[in-house]
Amino acid sequence: MAHNFKTDVTVDWCPGCGDFGILTSIQQSMAELNIDPLGVVMVSGIGCSGKTPHYINVGGIHTLHGRSIPFATGVKLSNPNLKVVVTGGDGDLMGIGVGHLVAEGRRNSGLTIMIYDNEVYGLTKGQAAPTMPLEQKTKSLSRPNIFTRLNPIALALSSGYSFVARGFSFDMKQLKEIIKKAMNHPGSAVIDILQPCPTYNNINTMEWYKERVYKLEDDKNWNPLVSKENIADADSIFAMSMARAQEWGDKIPTGIFYRNTALDPFPVRISKNVPNYFETVPAEQRISSADGYTVVDAEKTFEDRLIG
Amino acid sequence: MKKRKRLHLKTILIKNQYPILMTKVDINITVGGPQGGGIDTSSNMISRAFAQSGYFVFGVREYHSNIKGRHSYTHVRIKDERPRSLKYPIDFLVALDPDSIFEHLEDVGHGTKIIYDSAIEKAELSQARMIMKDTALKIKETLTEESYPNTISGAIAWMKSRGAIPIAVPFTSVVQQAISGGVPSRYFNTLGAALTLAISGVNIKHMNESIRLVFSGKDKIIEENIAVVKAAYDYCSQNKLASETLPDIDHPKRYMLTGNDGAAIGKMMGGLRFQTYYPITPASDESTIMEEHNYIRWVDSEASKLKEAGIVVVQTEDEISAITMAIGAALTGTRTATATSGPGFSLMAEGFSFAGTDEVPLVVTLYQRGGPSTGLPTRNGQSDLLFAMNTGHGEFPRIVMSSGDVEECIYDSMKALNYAQRYQMPIIHLIDKNLANTSDFISGIDGKKVPVNATKFEVHGLNFKRYDLNTKNGISNLGAFGKDIFWMTGDEHDELGHVTEDSDVRDRMMVKRFTKLETADSEIPLEDKAILYGDKNAEVTFVTWGSQKGPILDVIDLLAEEGIKANLLYVKMFIPFPTKFVTDILSKAKIVIDVESNFLGQLAEVIMGKTGIKIENRILKYNGRHMTEDEILSASREIINNKEKKVEKVLKHGA
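These protein sequence lines map, in sequence, to chains A and B. Quick note, the first sequence lines up with residues 0 to 307 if you use numbering that gives the first Met the number 0. Quick note, the second sequence lines up with residues 0 to 654 if you use numbering that gives the first Met the number 0.
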């Protein structure tokens with residue numbers, strides 16, 4: 000019998016919340032990929048998005064505000080056989096936790112990172128999040144937003160992510176396909192997911208997005224893949240992706256902006272320094288002998304400290 | 000009893016060609032120079048040469064928060080038995096630059112030999128711009144007060160008036176006798192070491208062997224340095240500076256290790272396979288040492304069964320990432336740790352609280368330096384004990400322990416990893432900067448001293464209750480991602496790990512978590528919490544923790560020679576605290592002296608809180624420098640001889 004990726008925890012997001020579409024897309028992706036439920040771990044931060052792992056029947060860590068990425072990286076690097084998925088809000092991943100988002104781009108550990116992007120901090124009553132444009136005044140703000148908008152796609156690209164995409168929570172078919180591709184991508188992926196917050200964001204509603212989104216893949220010539228074969232074109236492909244990342248307003252592109260399979264994921268880089276890293280992952284190493292003592296010969300390992 | 004044992008050892012240890020009992024060797028050497036000027040190499044050569052001839056060397060490194068130019072030095076003590084502390088006044092001051100003369104004015108005394116470059120005699124204090132302004136002012140006052148000129152000559156004369164013996168050597172011309180071309184000052188560190196060894200009588204063959212080891216694989220450099228050594232020894236014999244050759248003594252094989260080394264070794268032996276860190280003094284050395292030695296060599300009995308493997312060490316973007324990444328790794332069943340120092344641990348507080356409530360087996364090795372804030376970033380301190388006992392919001396159990404010498408760093412690190420997994424809680428292992436940078440000779444690393452109690456991770460199947468409340472000791476089965484499905488959350492949680500705000504479950508989870516601490520308290524042996532060194536019935540009881548252990552034990556021996564019987568209550572664990580043991584000892588003790596490297600007397604505060612016993616006499620030091628045998632001894636004498644009840648001595652020494 001196929002594993003049911005749902006738990007019996009009551010989902011307590013507001014009616015009409017974009018999070019439902021994301022949750023269903025994640026569950027469907029896992030089912031369609033026929034993923035071993037023991038082989039995947041969901042990691043989240045704080046906020047409405049943070050509750051996601053509790054609703055999915057795989058291992059889940061609901062961590063601290065902004066810190067889901069380093070938690071997830073620890074899981075991944077200590078056991079690179081696991082698939083690790085991060086869910087977080089725009090405030091969580093690009094406000095308080097933006098340093099980790101950037102650092103993970105430089106690592107490329109192999110995480111699938113989904114940014115629930117609704118421009119507000121929902122759980123704390125609708126303050127402006129980093130993706131809200133300057134001068135925008137949603138209903139819970141007492142004054143218009145005085146920060147400029149952070150561009151998640153451009154940020155992910157400049158941070159070095161090897162898979163950068165955008166989905167829309169009301170287009171689950173497209174989102175599901177993006178998630179599946181991201182989970183099968185060897186490096187780290189960022190998926191910016193547009194979603195309404197029906198309670199606090201009265202401007203960027205479902206209708207607002209529906210009128211604006213279009214799919215990159217509808218253009219048959221759109222191919223943002225950098226691989227070992229076309230590595231010579233890497234710079235021009237990156238420039239093309241970055242140019243598309245600037246589009247916002249009347250037309251908002253969704254789909255895969257950039258994919259790079261030529262860049263070694265972090266675990267591969269580690270394996271060059273740590274013997275048999277993939278064969279005997281840190282989590283699976285035997286650390287004691289049958290009689291319960293260390294297996295490490297410290298005197299040999301630290302032979303260089305022998306002084307005579 | 001102890002004396003007799005010492006004599007016995009000596010007779011069997013001395014090689015046959017030296018059948019007579021020699022005088023006790025006890026040499027204190029300070030090598031100073033500009034940071035980046037090869038001071039470490041120089042003191043490494045000295046340590047290795049003495050090691051070759053069989054002696055024990057104990058040393059501490061002092062340095063500024065600076066890459067090049069400012070004054071740094073190492074202070075080593077050489078004895079025929081393993082030293083446990085350093086002592087002033089020193090026997091040798093090896094000055095590789097003018098600053099090293101000025102900075103160590105007060106470290107010299109009767110008979111101190113000052114080896115320096117005769118070319119610097121005219122150097123003026125006002126030109127020594129790398130000396131901190133306040134320090135320069137202090138030196139100026141010291142010299143001016145007795146009408147000595149503010150020059151190296153003046154400083155040398157000042158020291159000579161205290162009985163020091165200046166030995167001015169033309170550094171450049173001695174080097175040029177050995178090597179033509181090149182920059183002579185590049186060899187000053189070797190020259191300084193060689194002069195010291197020649198003057199103290201170390202056989203030249205040991206120095207040459209030491210050079211070969213220090214520059215192993217660099218043949219040309221070895222050749223040049225050996226030529227410099229020969230020139231130095233020749234110079235000393237021509238000028239009648241060389242002492243009689245020190246006899247070689249027989250000795251077991253030994254490892255020269257620092258506290259940082261000890262922690263790295265212990266963690267690797269204790270099963271650590273994942274370590275995170277963000278660069279910070281004095282913690283990062285531990286991680287880089289681990290990285291340098293990450294190809295593990297297995298014990299013989301396992302070598303055929305285990306594939307070659309290593310440790311993963313990850314440098315993170317900040318300390319928040321360091322602790323949370325370590326937690327993530329711990330959740331796959333990997334033994335995991337991070338190492339940091341005060342400022343970094345402040346950033347880790349929130350993650351630490353998560354590890355507490357989510358029962359994560361995690362070790363934080365907390366290296367203490369002078370605080371608060373950036374404080375004295377490269378100097379010693381013990382001011383983070385109360386912080387370690389209270390880090391993080393909310394109430395959750397933790398174990399807080401500390402080490403006091405290099406060997407303890409090894410075995411305590413193993414124990415910390417065992418405790419973390421057994422009690423499923425975060426462990427703070429405190430090591431002070433002085434110990435981190437202490438280099439000591441250890442005869443062997445014992446793989447059987449501490450067992451590795453590895454958790455057997457099983458697949459628990461459906462509805463695995465990671466936080467099962469149905470336990471007597473508070474400890475539920477540890478799960479591992481990859482083998483089990485369960486949840487974790489920083490929120491209060493139910494047995495499966497899902498969020499709950501139910502008032503009863505909340506109460507039961509709080510009790511469950513703190514029950515583990517009672518379990519830990521009942522299972523951890525007393526000797527891992529506190530040790531009483533010396534006679535139970537003593538007139539003086541010292542109380543301390545961390546790296547003052549060695550100097551106090553030396554002071555106890557010296558007081559015994561004066562007819563004063565003293566003992567030491569040495570505390571190693573603060574949570575859980577050995578309340579009964581400490582109460583029993585202190586309630587019967589006569590003169591109690593608390594010795595700590597902080598301002599508040601933090602251990603004394605803890606003891607007061609736990610036992611109600613107030614320790615009135617204190618020897619404290621918070622200027623960032625290590626405590627030495629001589630200053631603890633003189634402060635102790637003052638306290639012992641003082642009839643007043645409360646005496647607080649603040650120690651001031653140290654360049």
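Take the hints with a grain of salt, since some may be wrong.
[To be verified] Below are the SDA-like pairs computed for lysine to any residue, each with C-alpha atoms no more than 25 Å apart in a straight line:
id: 1; chain 1: A; residue 1: 299; chain 2: B; residue 2: 304
id: 2; chain 1: B; residue 1: 304; chain 2: A; residue 2: 289
id: 3; chain 1: B; residue 1: 304; chain 2: A; residue 2: 307
id: 4; chain 1: A; residue 1: 271; chain 2: B; residue 2: 290
id: 5; chain 1: B; residue 1: 455; chain 2: A; residue 2: 307
id: 6; chain 1: A; residue 1: 138; chain 2: A; residue 2: 158
id: 7; chain 1: B; residue 1: 455; chain 2: A; residue 2: 285
id: 8; chain 1: A; residue 1: 299; chain 2: B; residue 2: 654
id: 9; chain 1: B; residue 1: 528; chain 2: B; residue 2: 482
id: 10; chain 1: B; residue 1: 464; chain 2: B; residue 2: 482
id: 11; chain 1: B; residue 1: 464; chain 2: A; residue 2: 289
id: 12; chain 1: B; residue 1: 78; chain 2: A; residue 2: 283
id: 13; chain 1: A; residue 1: 299; chain 2: B; residue 2: 464
id: 14; chain 1: B; residue 1: 112; chain 2: B; residue 2: 654
id: 15; chain 1: B; residue 1: 306; chain 2: A; residue 2: 307
id: 16; chain 1: B; residue 1: 217; chain 2: A; residue 2: 307
id: 17; chain 1: A; residue 1: 299; chain 2: B; residue 2: 482
id: 18; chain 1: A; residue 1: 219; chain 2: A; residue 2: 176
id: 19; chain 1: B; residue 1: 23; chain 2: A; residue 2: 285
id: 20; chain 1: B; residue 1: 304; chain 2: A; residue 2: 176
id: 21; chain 1: B; residue 1: 304; chain 2: A; residue 2: 80
id: 22; chain 1: B; residue 1: 455; chain 2: A; residue 2: 292
id: 23; chain 1: B; residue 1: 482; chain 2: A; residue 2: 279
[Said to hold, decoys possible] Stretches of chain A that chain B covers, calculated by requiring three or more beta carbons in the stretch to come under 8 Å of a beta carbon on chain B:
id: 24; region: 119 to 129
id: 25; region: 240 to 251
None of these hints come from the bench; they were simulated from the model. For every residue, glycine included, the Cβ atom is placed at its ideal position computed from N, Cα and C.
The hints, checked one at a time:
no.	hint	verdict
1	299/A with 304/B	holds (17 Å)
2	304/B with 289/A	holds (12 Å)
3	304/B with 307/A	violated (31 Å)
4	271/A with 290/B	holds (13 Å)
5	455/B with 307/A	violated (39 Å)
6	138/A with 158/A	violated (33 Å)
7	455/B with 285/A	holds (10 Å)
8	299/A with 654/B	violated (37 Å)
9	528/B with 482/B	violated (35 Å)
10	464/B with 482/B	holds (13 Å)
11	464/B with 289/A	violated (28 Å)
12	78/B with 283/A	violated (46 Å)
13	299/A with 464/B	violated (42 Å)
14	112/B with 654/B	holds (18 Å)
15	306/B with 307/A	violated (30 Å)
16	217/B with 307/A	holds (21 Å)
17	299/A with 482/B	violated (33 Å)
18	219/A with 176/A	holds (17 Å)
19	23/B with 285/A	violated (48 Å)
20	304/B with 176/A	violated (44 Å)
21	304/B with 80/A	holds (22 Å)
22	455/B with 292/A	holds (14 Å)
23	482/B with 279/A	holds (16 Å)
24	119 to 129	violated (count 0)
25	240 to 251	violated (count 0)
Comparing the model with each earlier hint shows violations of hints 3, 5, 6, 8, 9, 11, 12, 13, 15, 17, 19, 20, 24 and 25; every other hint is respected.
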